[in-house]
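A.B. asks: Sequence:
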Amino acid sequence: MPNRIQTLLGVRFPVVQAPMTYIARAELAAAVSEAGGLGMLETLTPEGRADLVRVRDLTDQPVAANLMIQGWKRDPSIVDVLADAEVRHVFTSAGDPALFTGRLHDAGMTVVHVVGSLKAARKAADAGVDALVVEGVEGGGFKSAQGASTMVLLPLIADHVDLPIIAAGGMCDSRSAAAALVLGAEGVQMGTRMLASVEAAVHADFKAAILAADDAGTVLLEVPGNPTMRVLHTGLAARVVAGDQHAALLGRIDELYFGGDVEASVANTGQVSSRIVDLLPASDIVRRTWLDIATELERAMARR
Numbered sequence: 048m049p050n051r052i053q054t055l056l057g058v059r060f061p062v063v064q065a066p067m068t069y070i071a072r073a074e075l076a077a078a079v080s081e082a083g084g085l086g087m088l089e090t091l092t093p094e095g096r097a098d099l100v101r102v103r104d105l106t107d108q109p110v111a112a113n114l115m116i117q118g119w120k121r122d123p124s125i126v127d128v129l130a131d132a133e134v135r136h137v138f139t140s141a142g143d144p145a146l147f148t149g150r151l152h153d154a155g156m157t158v159v160h161v162v163g164s165l166k167a168a169r170k171a172a173d174a175g176v177d178a179l180v181v182e183g184v185e186g187g188g189f190k191s192a193q194g195a196s197t198m199v200l201l202p203l204i205a206d207h208v209d210l211p212i213i214a215a216g217g218m219c220d221s222r223s224a225a226a227a228l229v230l231g232a233e234g235v236q237m238g239t240r241m242l243a244s245v246e247a248a249v250h251a252d253f254k255a256a257i258l259a260a261d262d263a264g265t266v267l268l269e270v271p272g273n274p275t276m277r278v279l280h281t282g283l284a285a286r287v288v289a290g291d292q293h294a295a296l297l298g299r300i301d302e303l304y305f306g307g308d309v310e311a312s313v314a315n316t317g318q319v320s321s322r323i324v325d326l327l328p329a330s331d332i333v334r335r336t337w338l339d340i341a342t343e344l345e346r347a348m349a350r351r
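Position in the sequence shown (from 1) plus 47 gives the number in this note's numbering.
Derived from the structure by calculation, the hints contain no laboratory data.
Hints are supplied without guarantee of correctness; some may be wrong.
No more than 35 angstroms apart at the CA atoms, straight line, and that leaves these computed lysine-lysine pairs for DSBU-like [as the list claims (entries may be wrong)]:
id, residue 1, residue 2
1, Lys254, Lys120
2, Lys120, Lys170
3, Lys166, Lys120
Kindly generate the complete structure, drawing on both the sequences and the hints.
C.D. replies: Quick look at the structure:
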């Protein structure tokens with residue numbers, strides 16, 4: 048029987064591709080959705096917004112869109128853009144969910160909000176969202192330096208907020224998905240694992256850096272005037288950590304993502320990169336992550 052996340056999103060496998068700015072494009076989203084998961088498109092860039100329409104040439108399966116609230120709070124017309132593209136699922140993040148949840152619901156969309164604390168989860172529930180993405184501090188990208196890990200945060204929120212939950216941060220395979228289910232989730236969201244996929248349109252050197260990372264391969268950068276970010280501890284990021292006063296934190300991100308120059312910018316990447324050892328098609332990632340959960344739980348029971 049489908050769980051609440053599968054029913055809410057209309058997917059076979061509750062495996063969601065994270066909304067990575069510049070990277071969450073039509074080809075990757077379509078590959079995930081065609082495999083039975085939920086692909087997602089970013090909306091901060093013009094290319095991402097154009098892909099809201101273009102993705103329909105690639106799949107007729109459900110595809111979600113991300114709405115980063117801080118980027119759109121002064122321009123609610125994004126709701127009309129999403130409605131015109133017939134988007135049915137919106138994942139909101141980085142801001143007060145009350146600003147957009149009502150508008151999105153009025154437009155017939157489901158709303159899933161990304162949270163990194165129990166306080167934020169309660170606020171999202173009060174705003175009327177339909178589900179949560181609970182992301183621990185080990186995930187890539189913007190983070191609170193005081194945030195809790197998924198192992199702590201996920202069961203805490205599951206115990207106090209009665210909403211279906213998608214786990215994020217540290218998710219990359221059926222073992223992590225099995226753990227997430229035990230801790231209270233009904234689905235998983237993956238960013239770094241999807242970066243290291245065949246369909247991700249990033250440079251091969253960026254993918255190689257993910258595969259080469261060990262358990263100290265990422266770092267939380269806390270630089271005054273910039274948001275805290277978890278990034279690969281290499282190239283420009285390594286120079287920032289070392290105190291290089293000439294290292295511009297954000298740099299030229301397109302040259303990193305699509306040119307492979309790790310000195311050009313910092314690479315938002317989660318700690319789970321240390322567990323990723325190969326490039327796989329998105330379809331394999333989606334199906335293996337969900338279909339092999341029972342096997343992992345049986346193995347765990349056999350070790351009792």
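A.B. asks: Now, for every hint given, state plainly whether the structure supports it.
C.D. replies: Comparing the hints with the structure gives:
For the hint pairing Lys254 with Lys120, the CA-to-CA distance comes to about 33 angstroms; that is within 35 angstroms, so the pair holds. As the CA atoms of Lys120 and Lys170 are separated by approximately 17 angstroms, the hinted pair is consistent with the 35 angstroms bound. With a C-alpha separation of about 21 angstroms, the suggested pair Lys166 and Lys120 falls inside the 35 angstroms cut-off, and the hint holds.
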